[in-house]
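Chains G and R supply the protein sequences, listed in that same order. 0 is the number of the first residue of the first sequence in numbering that gives the first Met the number 0; add one for each residue after it. 0 is the number of the first residue of the second sequence in numbering that gives the first Met the number 0; add one for each residue after it.
Since the hints were derived computationally from the structure, they do not count as laboratory data. Note that this is a predicted model, so its numbers are computed, not measured. Just so it is clear, CB atoms sit at the ideal spot from N, CA and C, and this is done for glycine as well. Some hints here could point you the wrong way.
Far from chain G, some chain R residues (derived; all Cβ distances over 10 Å) [claimed, not checked]:
#1 26
#2 93
#3 129
#4 185
#5 195
#6 198
#7 201
#8 226
#9 255
#10 279
#11 299
Within a straight-line C-alpha distance of at most 20 Å, the following computed SDA-like cross-link-like pairs (lysine to any residue) qualify [to be verified]:
#12 R:295 x G:46
#13 R:238 x G:79
#14 R:156 x R:138
Number of protein chains: 2
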Amino acid sequence: MQFSVTILGSNSALPTSERFPTAQVLNASERFFLIDCGEGTQLQLRRNKIRFNRINHIFISHLHGDHCFGLIGLISTFSLLGRKPDLHIYGHEDLQRVMQPQIDYFCREISFKVVFHSIEPSKSDVIYEDEKISVETIPMKHRIPTCGFLFREKPRKKHVIRDMLDFYQVPLKSIPLIKNGEDFITSEGEVVPNEKLTKPAAPPRSYAFCSDTAYNEKIIDQIRGVDLMYHEATFLDEKESLAKSTFHSTARQAGLLALKAEVKKLIIGHFSTRYFDLDPFQQQAQSVFPNTQLAKEGRIFEIPYIPNL
Amino acid sequence: MQFSVTILGSNSALPTSERFPTAQVLNASERFFLIDCGEGTQLQLRRNKIRFNRINHIFISHLHGDHCFGLIGLISTFSLLGRKPDLHIYGHEDLQRVMQPQIDYFCREISFKVVFHSIEPSKSDVIYEDEKISVETIPMKHRIPTCGFLFREKPRKKHVIRDMLDFYQVPLKSIPLIKNGEDFITSEGEVVPNEKLTKPAAPPRSYAFCSDTAYNEKIIDQIRGVDLMYHEATFLDEKESLAKSTFHSTARQAGLLALKAEVKKLIIGHFSTRYFDLDPFQQQAQSVFPNTQLAKEGRIFEIPYIPNL
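Next up, chain G with everything else stripped away, as it sits in the complex (with noise of 0.2 Å):
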């Protein structure tokens, strides 16, 4: 029942000897959704110990090389290994037109399928749905076409009280009806009210990925109430005019949209090479939005499982 992010770069589109740029994983229960792959990846992959054959879906943002340049190297490599499995790759139209030439060449005798999904980023379109999972764009306000991803856990069915069925002598069969909410009639004609027997779910999960983008309120309704929010925060404060120039964000802005779309925690990142320390990026964002956590290679952010006991 995990769902977690693994920050495996935090880094803008130089990096440093340090920081690399922008790939995270999404683990949804030991599912891995990998979202954008900058140059390094599959090594980061290796080194958070992430199995590369539970990856079967990537989610790349814009096609700017800091968050796409590491998706040939993966390939190459998943093709090195044997993978079998289809390989999902969600982006823009134009990810197809560079990326198949490059496999073409050097994978030529690629082991698995590549289905490219074209998505229009700027609308919001679910992109992605298993019986588990929803995966929708965000659109972003930047140079070029470019989308952030929400994933959202699916409803779970409510939890039956073993006793409580025990007691109504509840047959079998009644129960699938009873988890989807129905009441319970008895045999001698007695409405036992769906309370009575269930408890509730845990309520899903959700995490929205946010990079890169300037400040744009607009996507407040969408992402509001999330349990965890990454937003790109290439600049501190004192750049805000900067970030407005390329289309990024100030720390200080992610902690406000955070704040006004009542997120439950925040992530920031995306961090300008011309930083160094990055204290302060946490600390602008949190004069605004006290949940916040910087970005680093190789933290988890975990979104616990509460079920309704």
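With chain G's structure known, arrange chain R on it following the hints.
The following block gives chain R in isolation, referenced to the frame of chain G:
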């Protein structure tokens, strides 16, 4: 008068959590020649404090990803930093074909010119030359067209002995001729042999980079007596048949080639990811050629400048 090789990446195709794919830098009197450029090379350049603007020439041995996937990130970073001088890249003719579309897409406002120099890996050619150094290709024996690179300093002019010039009252205009090896004739007609007026210059230094390749004695004549040779050693001896079938070498074979070519020092690298402990590589190579060292990230192999005093 530096002549040293810095190892940026020591591993073969699949990077480990600590070992990077192939990349090296030859520092020849503070001019830096980048040799191969696996993923993460720009990060390793930063870690090893090699200034980006010193790199004007990049040599790519062959078009397997672990030798060139770092190129696009490096070029992109150079451009973001506003580089101006041309960047010269030497490689198989296909290199431009696969790189140019990436450069065109990801570096739209590139600030400098990337000049591709097509090389024919199957024969030995001088592909670069200036007043101090020359670079020749060394044909390798690999699954795809591959060459090594032989870097040779040009012979230096002789050192004049100041006291002897004074003694014979040699005029300034004659000094360049004496440095070139000519005798001096005094005003009285006495012939002073050049050996009395000069000391020999330090011998030119040389570095042979040999990767990837099966064991191949055909290159011995070309590399005979070099000061330093890097030779790939993907496998230990126990995997000699695997080395043969994949067109790679074992540690012992690298040592044997060093011995037969009478090189002065051997570095081995391009280790298969299957090996964690690299000491057996050194032992097996040293059993044939004692002056062998392991390529490890961050190691610097210097060939000292030894003037003949």
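Structure-based check of each hint:
1. 26: holds (18 Å)
2. 93: violated (7 Å)
3. 129: At roughly 30 Å from the nearest Cβ of chain G, residue 129 (chain R) sits farther out than 10 Å, so the non-interface label holds.
4. 185: Residue 185 (chain R) clear of chain G: closest Cβ-Cβ about 60 Å, beyond 10 Å.
5. 195: holds (53 Å)
6. 198: holds (43 Å)
7. 201: holds (34 Å)
8. 226: holds (30 Å)
9. 255: holds (28 Å)
10. 279: Per Cβ check, residue 279 (chain R) is outside 10 Å of chain G; nearest 22 Å; holds.
11. 299: holds (16 Å)
12. R:295 x G:46: Holds: residue 295 (chain R) and residue 46 (chain G) sit about 18 Å apart, inside 20 Å.
13. R:238 x G:79: This hinted pair holds, its Cα atoms lying about 18 Å apart.
14. R:156 x R:138: violated (31 Å)
Checked against the numbered hints given earlier, this structure breaks hints 2, 14; the rest are met.
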